[in-house]
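One letter stands for each residue in the lines below.
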Amino acid sequence: MKSHADRGLRTEEIKESSTNMLLAPPRFRPMGDRSLLVELGEKISPDINRRVQQLMQQVEQARLPGVRELAPGYRSLLVSFDPLAVAAAELKARIAEIDAQWSSIGLPQAKLLSVPVFYGGQQGPDLDWVAGHLGLSAEEVIRLHTETVYRVYMIGFTPGYPYLGELSATLAVPRRSTPRTHVPKGSVGIAQRQTGIYPVESPGGWQIIGWTPIELFDPHRPLPSLLEMGDRVKFEAVRNVEI
Amino acid sequence: MTGVNTFEVLSPGIMSTVQDLGRFGCARYGVAASGALDGFAVRVGNLLVGNDETAAVVETTLMGLRIKILRDTVIALTGGDLQPRRGSEPLPMWRSCPIREGETVVFSGPASGFRTYLAVSGGIQVAAVMGSRSTNLASGFGGFEGRALRKGDILAVEPVGDPIRFADRVFEPEAVPVYLSPWRLRIIWGPQDDQFSEEGRQTFVTATFSVSPDSDRTGIRLKGPSVSRKPGLEESIISEGILSGAIQVPGDGQPIIILGETASGGYRKIATVISADLPRLGQITPGDEVSFEAVSMEEAVQALQEMEGKIEKFKQSFKKR
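These protein sequences, in sequence, are chains F and W. For the first sequence, this note's numbering gives the first residue as 1, with consecutive numbering after it. For the second sequence, this note's numbering gives the first residue as 1001, with consecutive numbering after it.
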């Protein structure tokens, strides 16, 4: 399998197992007259994120009348609806009902995406600063960044941008004091306990340590985003000499 | 079917883009809705020229758009009145009018509002990307080549037989929205109003804010007294989904009304503009004054029914003929 890493598109399925966590009932917060923010927890955790993922799947399958769109976050699901087709109070009751049945339904399949990264150099201009800041060698930064399998908590900020967690505490660095106005597409960044990949050129304040040729987002593909919430990402260092 | 070249951009003005009512269903991939900021004006404009309400139009901001017509057709201008002229003759707003090959249309600057919508019989023809013809400017896809219009661009429309039959339709003047500062926007509290101080909430609904010049299609930035959160809370929250009309308050206490270019955010939202007032957001101009009035869910739904009623009545008016 490893020899395929340079193609960058190796994926495999991951079996998820249900956890027996004590479930608090969801908290509903209105976002205007046309959406409900359904909060399923207070913090960033894989269990809460899984519950968001599961609720999204169940609400989708229930095909509730009037529901327009579902947008998952780290710990919440934003449900937008047509207020002339369904009353907010009724929708709230239906979602609470659905959430209460959650354990009986299987979790969605997750993919593992191997992401080849060229670390450092012009394409990873902050690698040396990060190493210096942490008192590590660049090699150690790369080793720590590549040894974790990260969870995609949500896609946001720009199209296809995966919020990945959780970065090793040893690699926690602050955001750049002055954000860049143009971060090139494919840049791999870190900030605090997070890491991410910029799928399109955009402004950005994270420390850029590398670059990947993988096309995470293409608006013209049937599935525009390569990743979705719940997927896993593993970075693999590409040695420049191989090309 | 191939489109018919219908006009050429002689000057794009401050900013002109191709938009429809927005790109929905892709928020989970971080893709924002984009779309015309004054959806009411777009729907009426399309109906005036015989299109489906959801057809693509040109949204032009403030002033300076100049186009040359390449073929006889019917157009309608709705939304803010940017004083459109054909040659030296003023063109009417909120009614469809025939226009001839070789004529030019210019937008000289605002008499009211901020954005005008140009609807053309047949609808602007560009490829739909993820189900929409709207331009996503930040990421460069959708609309016309994923970007704002430039001098020399030639726009095509979907072929339509005998567009002249749609000429001289009029949207009744009493139903035309009034775009006037000071704006009073109706809101529903939340999603995170409970995380603001009582003083912050009071400030929010009693103060008059002014619209900052750095407002754009991503958001209307307001300046005024600081809207304070409860003590001890961090500046940001864990990122979550967001919709247009949500009013987020960053650390400096200056509210930002989110428009269509954002799918997620990490700041608290004190309140959200009701659906019936969303189209007006597209007409708020830097320098204008804005204040907020809290309403109930029932009042919001009633206001939306009234707005939809105007569209429905208009549709019926020409079905009968």
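It should be emphasised that the hints constitute simulated quantities derived from the structure, not laboratory data. Note that CB positions come from ideal geometry on N, CA and C, so glycine has one too. There may be inaccurate statements among the hints.
As the list claims (entries may be wrong) - FRET-style restraints, in silico, Cβ to Cβ: (1) A172/F - G1251/W: 20 to 26 Å; (2) A85/F - A1294/W: 20 to 26 Å; (3) K1151/W - K43/F: 49 to 55 Å; (4) R193/F - G1025/W: 30 to 36 Å; (5) Q1195/W - Q192/F: 35 to 41 Å; (6) A1294/W - E215/F: 43 to 49 Å; (7) G1131/W - A172/F: 36 to 42 Å; (8) E1312/W - A96/F: 29 to 35 Å; (9) T1002/W - P203/F: 33 to 39 Å; (10) T181/F - D1194/W: 31 to 37 Å; (11) Q1195/W - E215/F: 22 to 28 Å.
Hint check against the structure, violated hint numbers in rising order: 5, 11
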